[in-house]
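**Student:** Residue numbers (our numbering), protein chains in the order written: chain A, 1 to 130; chain B, 1 to 347.
It is worth saying that the hints were derived from the structure and are not from the lab.
Check each hint, because a few of them may be wrong.
[As the list claims (entries may be wrong)] Pairs of lysine to any residue residues, derived as SDA-like cross-links and limited to a Cα-Cα distance of at most 25 Å, are as follows: (1) A/K93 / B/I340; (2) A/K93 / B/L114; (3) B/K312 / B/W162.
Given the structure is predicted, the values throughout are model-derived calculations rather than measurements.
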Amino acid sequence: MDTKTIISLTVSVVLIGWAFWFVSAKPSADDGARASTASIIDGTQFIDIAAKGGYTPRVVVAKAGVPTILRVATNGTFDCSASLVIPKLSYQKFLNPSGIEDIAISAEEAQGTLQGLCSMGMYGFKIRFE
Amino acid sequence: MVLTEDSNRKTYTFHVSGTHCAACAVLIEQILAEQAHIGSAKVSLSNRQVVVTGEFAGSPEEIAAELTKLVQSHGYIIGVEKSAHQAGWGDFVYAAPIALVIIAAFLVLQRAGLTSLITGSNVSYGTAFLIGLIASVSSCLAIVGGLVLSLSASSAKEGGTWRTIALFHAGRLGGFFVLGGAVGLLGNSLHLGLTANIVLGVIVALVMLVLGVNLLDVFHFTKRFQLTLPAAFSRHIARGAKRHDHLLAPVLIGIGTFFLPCGFTQSMQLYALSTGSFMTGASIMLVFALGTLPMLALLSFGSLNIAHKSWKGIFFKTAGIIVIALALLNLANALATAGIINPFVNF
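Just chain B, same shape as in the assembly (with noise of 0.2 Å):
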C-alpha cells in the first residue's frame, strides 16, 4: 500500500514474518538500507511491520517479492498482506513418530552396556577418545547433546551461520584443552559441588524446555520467555552479526560445556587431575572433547543444513519434541539427585 507518494519516492509498509529477536528487526533495517535505491527501512517488531522509503518501481506485490529476496537466506519473507500464523500442526504427522522413535531409541541405548566397552583403569589417549564417544551417546547425550541441539536448532531458526557452530566447537575444544591442563597443573578440581551441580542442571533443563517449546512454533506466549537482549544491545551485536556472525557468545558456550554436569566429563577431569601436568591433562581432555565431537558436530551442521531444506517445519517440530522429551527427563534427574523427588528413572 502506498503511503505517501513524493515525486519518485515512495514509502510501502510491508508485512515482515520470521522475526522474533531485536537483532532481526535490526539486521533487516540494515541489509534494506544498504540497497542504494532505498532511503530508510524502519522494522517495527510488535506489529511485524517494514516501513521502507526509497524509489521503486512496480506493483507492491512485486517489491515485496524483490525485497524478499534480499533477507530470504535469513528466515524472513516480506508480504503485502499480514501471513496468518502458521502453527503447521500437519508436520506433527511426521514430526512426533520420529521423535518418538529417536526418543525411545535413546532410552534403549542407555541400557545396551556401552560403558563395559570401557576396561581397565589406565588412560590412554585411545581410551579418552573412546570414552568420549561413548559420553557423546549415553547419558551426557541428554544433557549436552540436547543443549547443543536445542541451541544450534534454535540459531539456524533465526538465521545463524556454519560459522556460529563451528566457534561453539572450537571454543570446547579449546576450553577443553585450557581447562584440562589448569586441572592437570593446579591438581584441583574445577567440576562443581552438588548444590551448584543441582542448580545447573535445572537451569539447563529449563533453558533447553523454552528453546524446544519455540522449536515447536506452536504457541505464542513463550516468546515471552525468550532471552532478548536490549535493542541497543542488539543493535551492537547485529553490526557485527551481518559479516561476521556472533563471535563471543558461541565460544563462551562451548567453553562452558566443561562444567556441565556430564558424569563421563566429570571423570575425566578427576583423571586429569590425577596426571599432574599441564600438558597431560589438556592432552587427554581435548582427546576426550575430540571423541564427543563426531556426535556434537552431526546434532549441530545436521540442523543448520536441514533448516534450508523444504521439510524444515517437520525437523524443528521433532527436534523440539525431543528437546523437550530431554529438559523433562533432565529436570527430574536434578530434582531427584537434591533428594526432593523419587528417581523417575533407572538405566
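So that you can see chain A by itself, here it is in the shape it has in the complex (with noise of 0.2 Å):
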C-alpha cells in the first residue's frame, strides 16, 4: 500500500460516512419539526400521517396516556411505505395503495417514543408521547 492508495481510501472512508450521515436519521432536525399535527376531539387523540415515498411528518408531538388513533393516509403509494411496521405494537400491514388505516393506540401504550418504518427500514417516522 502506498500513500496514495491510504489518501483515497481515507477520503473514500470519510466521504462514505458523510453520505450516510446525510441520509441518517437526525435527532437535532427533528427537534426543529416540531409542528404537532395531533389533534384531541372528543378525549380522543387524532395523528395523522401521509405515506407515500416515505412518511409525513416524520415526527409528531402528542400527548402521553390519551387514547389515540394513528390515520395513515396513502394515495397512490407503491413503495416500501405502504408496508407499514410498527415495532413496539407487534403491528405489520400492507396498507392498500390509496386509502385510510386507522391504528388504534391504547392510553397504556401512548408513552415513550413510538418508531414506526417500512419494512425495509428506509422509511420512518415517530411519535412522541409527552
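Join the two chains, each given in its own frame, into one complex according to the hints.
**Tutor:** This is the structure:
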C-alpha cells in the first residue's frame, strides 16, 4: 500500500460516512420539526400521517396517556411506505395503495417514543408522547 | 519442473491461479484431460497446483503458456512460478472514489421523490411498468440490485457466462408471471410475515457481505466462509457446467427474487391479489418485472462484460465496496424493523 492508496481510501471512508450521515435520522433536525399534527377531539387523540415515498410528518409530538388513533393515508402508494411496521405495537400491515388506515393506540401504549417504519426500514416516523 | 521422464511421456507440476472452488478444479481437469496429448491432469485446490502427464514439447514455461491458453477464458492462469497473491491495493485509488460517487448518487436519488411520479391507485400495465422502473432504481436497488450485482460479479469472476445471467432473468420473469397468477387466482398473498421478512433481510445482507468482501479480493479468510459445495456434487455440476453452465441454480434464484423483502414487489403482489384472476395477476407482475429488467440487466450483463476487460480489477473492487455498503444498509434496516436498533437512515 502506497501513500496514494491510503489517502484515497481515507477520503472515501470519510465521504461515505458523510453520505450516510446526510440520510441518517438526525435527532437535532427532528427537534426543529415540532409541528404537531396531533389533535384531541372528545378525549381521543388523532394523528395524521401521509405515507408515500416516506412518511410525513416525520416527527409528531403528542400527549401521553391519551387513547390515540393513528390515521395513515396512502395515495397511489406502491413503495415501501405502504408496508407499515410499528415494532412496539407488533403491528404490520400492507396498506391499500390508496385509502386511510386507522391504527388504535391505547392510553397505556401512548407512552414514550413510538417508532414506525416501512418493512425494509428505509422510511420512518416517530411519535413522541410527552 | 520435470518430475519423471518415461520415453516421451512427461509429468509436470504447475501452479494455478484463479481457482476458488471445487468446481473450478474439476473444470480445469476436464479441459486439460480433453487434449489428445495430455494423459491425465489432477488439480489440488489446497496448494493450488496442477499435475499433468502427457506428451509435451518445449520448456516448462512454453508448456505453461500453452496450457494457460486453454483455461484462460475461464479466468485461470497456469504458471511455473507460484504467483504471489495480488491484493491489488492500487486498484482502490480508482475503485474507492468511483464506489463513493455511486453510493452518494444512490442515497441522493432516494430523496429525489421519484415515488411522486406514480399517481392514482388504478394500476394499468403502463403504471405497473413505471412502478417497476422506479423500483429498480430506488429502495429495491439496495436489496435486489445489490444481490444481482454481487451474484453476477462473483459469477463472472468465477468464469460464469451470459447464459447463467440470461437464465436468472428468465427465471425472474417466469417466476413473477406464474407466482403473480397464483396470487391473483388464490386471492392469497404470498408475501412473508414480518419475522420471515426480517430473517430473510438479514440472510440476504450477510450473503451480500461475504460476496462483497470476496469481490474485494483483499482478505484470504473470507474464502473459508464461501459457500462451497461438496466435491462430488461440484463434479456433477461442472460436467454440465462446461457446456451448459449451471442451469437450475440461476433459474431458482431468479424465481426466489419474488419473495425478497422489496416494498414495491410486495405492493404489486397486493394489487395482483385484488385482481382475482390468474391472467391479470400474472400479466401485472410480469409487466412489473419487465420494468425492473433494464436496470438489473445493466448490472448483471455489465458485470459480465467488464469481467473480461483489463480494468476488471478496479470494477470488482468498486462492486465489492458498493455491495458491502448496501449489505450494511440492509442489515441495519432489517434490525431497525425488528425494533432491535434505532433506524439508521431515513430517506
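**Student:** State for each hint whether it applies.
**Tutor:** Consistency of the hints with the structure:
{"no.": "1", "hint": "A/K93 / B/I340", "verdict": "19 Å, holds"}
{"no.": "2", "hint": "A/K93 / B/L114", "verdict": "23 Å, holds"}
{"no.": "3", "hint": "B/K312 / B/W162", "verdict": "17 Å, holds"}
Going down the numbered hints, you'll see the structure goes against none, and every one checks out.
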